[in-house]
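Number of protein chains: 2
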Amino acid sequence: MKKIIIIGGGAAGAKAAAKAKRENKSNIVELYTKDSEVSCSLCGLPYYIEGSVRDINDLIIRRPQDFVNNGIQVFLNHEATQIFPEQNSILISNNHIFYDELILALGANVSVPEIINIDAKNIFTLRSLDDGVNIRRKMQQSKTVVVVGAGLIAIELIEAFLTNGLNVIVVEAKDRFVSDFDRDFSEIIGKEILKKAQSRIQTYFSTTIVRFKVDEQNTFKGAVLSNGEEIFADFCVLSTGIKPNIELAQKSGIKIGSTGAINVDNKMRTNYDNIFAAGDCAQKYCIITKQSTYIGLGSIANKEGRIAAINASSTGKLEVFDGILNSVVTRFFDCSISRVGLTKEYADTLQEKINIVPVEVVITKKDKAGYMPNSNNITLKLVADKRSGELLGAQAIGELSSTLKRINTIASSLKSKMTVDGLLHLDLPYAPPFSSSIDPIITAAYKLKDLLNK
Amino acid sequence: MKKIIIIGGGAAGAKAAAKAKRENKSNIVELYTKDSEVSCSLCGLPYYIEGSVRDINDLIIRRPQDFVNNGIQVFLNHEATQIFPEQNSILISNNHIFYDELILALGANVSVPEIINIDAKNIFTLRSLDDGVNIRRKMQQSKTVVVVGAGLIAIELIEAFLTNGLNVIVVEAKDRFVSDFDRDFSEIIGKEILKKAQSRIQTYFSTTIVRFKVDEQNTFKGAVLSNGEEIFADFCVLSTGIKPNIELAQKSGIKIGSTGAINVDNKMRTNYDNIFAAGDCAQKYCIITKQSTYIGLGSIANKEGRIAAINASSTGKLEVFDGILNSVVTRFFDCSISRVGLTKEYADTLQEKINIVPVEVVITKKDKAGYMPNSNNITLKLVADKRSGELLGAQAIGELSSTLKRINTIASSLKSKMTVDGLLHLDLPYAPPFSSSIDPIITAAYKLKDLLNK
Numbered sequence: 014m015k016k017i018i019i020i021g022g023g024a025a026g027a028k029a030a031a032k033a034k035r036e037n038k039s040n041i042v043e044l045y046t047k048d049s050e051v052s053c054s055l056c057g058l059p060y061y062i063e064g065s066v067r068d069i070n071d072l073i074i075r076r077p078q079d080f081v082n083n084g085i086q087v088f089l090n091h092e093a094t095q096i097f098p099e100q101n102s103i104l105i106s107n108n109h110i111f112y113d114e115l116i117l118a119l120g121a122n123v124s125v126p127e128i129i130n131i132d133a134k135n136i137f138t139l140r141s142l143d144d145g146v147n148i149r150r151k152m153q154q155s156k157t158v159v160v161v162g163a164g165l166i167a168i169e170l171i172e173a174f175l176t177n178g179l180n181v182i183v184v185e186a187k188d189r190f191v192s193d194f195d196r197d198f199s200e201i202i203g204k205e206i207l208k209k210a211q212s213r214i215q216t217y218f219s220t221t222i223v224r225f226k227v228d229e230q231n232t233f234k235g236a237v238l239s240n241g242e243e244i245f246a247d248f249c250v251l252s253t254g255i256k257p258n259i260e261l262a263q264k265s266g267i268k269i270g271s272t273g274a275i276n277v278d279n280k281m282r283t284n285y286d287n288i289f290a291a292g293d294c295a296q297k298y299c300i301i302t303k304q305s306t307y308i309g310l311g312s313i314a315n316k317e318g319r320i321a322a323i324n325a326s327s328t329g330k331l332e333v334f335d336g337i338l339n340s341v342v343t344r345f346f347d348c349s350i351s352r353v354g355l356t357k358e359y360a361d362t363l364q365e366k367i368n369i370v371p372v373e374v375v376i377t378k379k380d381k382a383g384y385m386p387n388s389n390n391i392t393l394k395l396v397a398d399k400r401s402g403e404l405l406g407a408q409a410i411g412e413l414s415s416t417l418k419r420i421n422t423i424a425s426s427l428k429s430k431m432t433v434d435g436l437l438h439l440d441l442p443y444a445p446p447f448s449s450s451i452d453p454i455i456t457a458a459y460k461l462k463d464l465l466n467k
Numbered sequence: 014m015k016k017i018i019i020i021g022g023g024a025a026g027a028k029a030a031a032k033a034k035r036e037n038k039s040n041i042v043e044l045y046t047k048d049s050e051v052s053c054s055l056c057g058l059p060y061y062i063e064g065s066v067r068d069i070n071d072l073i074i075r076r077p078q079d080f081v082n083n084g085i086q087v088f089l090n091h092e093a094t095q096i097f098p099e100q101n102s103i104l105i106s107n108n109h110i111f112y113d114e115l116i117l118a119l120g121a122n123v124s125v126p127e128i129i130n131i132d133a134k135n136i137f138t139l140r141s142l143d144d145g146v147n148i149r150r151k152m153q154q155s156k157t158v159v160v161v162g163a164g165l166i167a168i169e170l171i172e173a174f175l176t177n178g179l180n181v182i183v184v185e186a187k188d189r190f191v192s193d194f195d196r197d198f199s200e201i202i203g204k205e206i207l208k209k210a211q212s213r214i215q216t217y218f219s220t221t222i223v224r225f226k227v228d229e230q231n232t233f234k235g236a237v238l239s240n241g242e243e244i245f246a247d248f249c250v251l252s253t254g255i256k257p258n259i260e261l262a263q264k265s266g267i268k269i270g271s272t273g274a275i276n277v278d279n280k281m282r283t284n285y286d287n288i289f290a291a292g293d294c295a296q297k298y299c300i301i302t303k304q305s306t307y308i309g310l311g312s313i314a315n316k317e318g319r320i321a322a323i324n325a326s327s328t329g330k331l332e333v334f335d336g337i338l339n340s341v342v343t344r345f346f347d348c349s350i351s352r353v354g355l356t357k358e359y360a361d362t363l364q365e366k367i368n369i370v371p372v373e374v375v376i377t378k379k380d381k382a383g384y385m386p387n388s389n390n391i392t393l394k395l396v397a398d399k400r401s402g403e404l405l406g407a408q409a410i411g412e413l414s415s416t417l418k419r420i421n422t423i424a425s426s427l428k429s430k431m432t433v434d435g436l437l438h439l440d441l442p443y444a445p446p447f448s449s450s451i452d453p454i455i456t457a458a459y460k461l462k463d464l465l466n467k
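As you go down the protein sequences, you meet chains A and B in turn.
Per our numbering, the first sequence starts with residue 14, numbered consecutively.
Per our numbering, the second sequence starts with residue 14, numbered consecutively.
The hints are all genuine.
All copies of an identical chain are treated as equivalent in the list; a pair is satisfied when it fits inside any one copy or across any two copies.
Here are the simulated lysine-lysine pairs, DSBU-like style, with alpha carbons at most 30 Å apart: (1) K208 / K187; (2) K430 / K460; (3) K256 / K226; (4) K303 / K462; (5) K204 / K379; (6) K381 / K430; (7) K460 / K303.
Read the hints as simulated data drawn from the structure, not as lab findings.
Work the whole structure out from these sequences, hints included.
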């Protein structure tokens, strides 16, 4: 029996609490969060704003009572302010709490740029249910919104705003939408966005905001851009990426990794054996590059929370988390864009560091048998190492159902370090409503094989 | 430079011809077929009958002229009747043709049961464009059809007939629909079929046809069943599985394998080094069981035709075909059912032969974030070997887009002999419109892990 304290009630914390209790019913499991809810799906917020999720409460996956019913104590509105690792205690809302094992699931926050007047009214970030409610309410009284950022979450927000009839002004420091995809892919999605938005989107790339314009009540009115232009809108949403919440760890002597997130080993342990970190506050390990990396995703947080709980509960052998593959997907109207592993651009930067010679192929073909009435184009890129023949990554853009059946497949292939030779014989299920008889993956693998043979 | 003769113009033959020429432009490549077309998608026929493919000619993937344009000679309506392996010649429409390399892509035919009056008018099989046209024409003048068989192709035909307003009588020797899925899965699809068909389907399982009833013109009128009942309908389609076309090979001294298909090694060679076989006439090798098996699928035929062509053209090292995974998928209205690898029932029969202890888990959960308006249930089964922890197979049934993204993933995992431990950390792309944050695959893997630990 152990007393396991979990700090944070997001995906990692909620999963860790449930699992820690399930591992050993006699464990004392306590979850503390500074927030007034636990276990919410923040990834669902854009769909609430859009209106396809009707009730904000639908995004609450589990309520405090659900935890209590399983014997887990939940403390809402309790902020942890200092850990004393040597004493196995933590200061929470001015109370010293002892623990046997501590799991930090502190989450992340929006990485807010330093801009004059950033604290003005009607400038929002999207990181809580309240944020979602406030943005949706404001949206319903507005005609024009400024979205700062053009990454995957920004795209989801842009769709939500367009669906609700707004004009959207996008300001992005990088030179294109979703710049963590290769340029050719981000250009395809960029064109798709401009097509869907028609005249209702205005984009400022390679542009930053110098200062927000506010009225006497410190209410957002617009912004002055780095190119000298001024823009005007009813409100603004900052979708400028996330940064891990590390303050508590940092000031308590817990090591921070090179990516700025809490350093953990493959058992989710920090530099203290009985302090674990999981989810958006923790650094990740990329299976392909064997390097540290950082990404915040509920799917990863769940896996890490589970491992942290298993290991916190364990008195013997610890479980290892294999690491991540940089998998992402997003929807934009009837289009989906997804990637896994390394982009070609990113792989190119790693050539010497991890000793690879990245090559790529891009194909566009029908995602189903060409004669089927609902067949559409899918564009698929495979990236591989010319030296070893191993796959390094993939990107796909196409109709909603067409990309993930390919990218998921490649994810599994990447996990097992499959070579192009392995991939090109892959026996994928085939019927005309689902694929062409030579699946786009196989077509791309053939082409890649030719390239590797050169 | 070699003279490469290909017999058969289906998926394997057409692919082999194109690839043989592409491998070496100076190759003489000749394709002979007894049929009047080449390169047709037979898998598309149910969708032509249904009406979603409007023009039967859309199912012609490449025309003879397309081959000629690439320097490949095509001989339609030319039947090969005897091979003389010792002389490197083949008798085709009474002409002796010499070859350096011969690729047999003889295809398969419907395995027609021996039933009295089976040759009657209005009893159809589905194996050519003409068959498709004839069935569709007859369907449009009919009210009731008998479908003999209840496998995946039968299901596609049933959908086509229901969509066109017919009543359908199914007669199947086995005790259920799609009996090559595990019973629990075939029962789910069975219920789905009955629900969709409402009162317009009548099923006779564990039942065979004793004799067809015909009128004086030898026209189908109905059938007498093994249970003594008589059924009446306007026409009948036999969807009773396929058997490989092996007559030419068999009488020419080419070895037939234990499955009844032409025996080939992993380079697609028969017992003669310069005679290859590919596609539906050739025996398959299952990667998981390491046993011979048989299945006819355009996706496999394409891969095998390619390998046969590469090896027929080669003067050096030959390419190896890894084998198959028994992957299949089909659509039934808005539902898809798919499997890969071994079913639990099949794995159980192999326990001693391949030294496995099969275990299974079945989960049903939402295929997307539960709060998304278009989320639906998916039921997923994983089968694994308790001894090694390796995956053995998977089955899934769910909404159209939900099953393949899981089964494709497992296909890749099976190919690389992934264990359950590998699968449960798999970093699959996640966003609410596409998956739950814990993908059904991961949920099933967790459950399987618990089972393996017991």
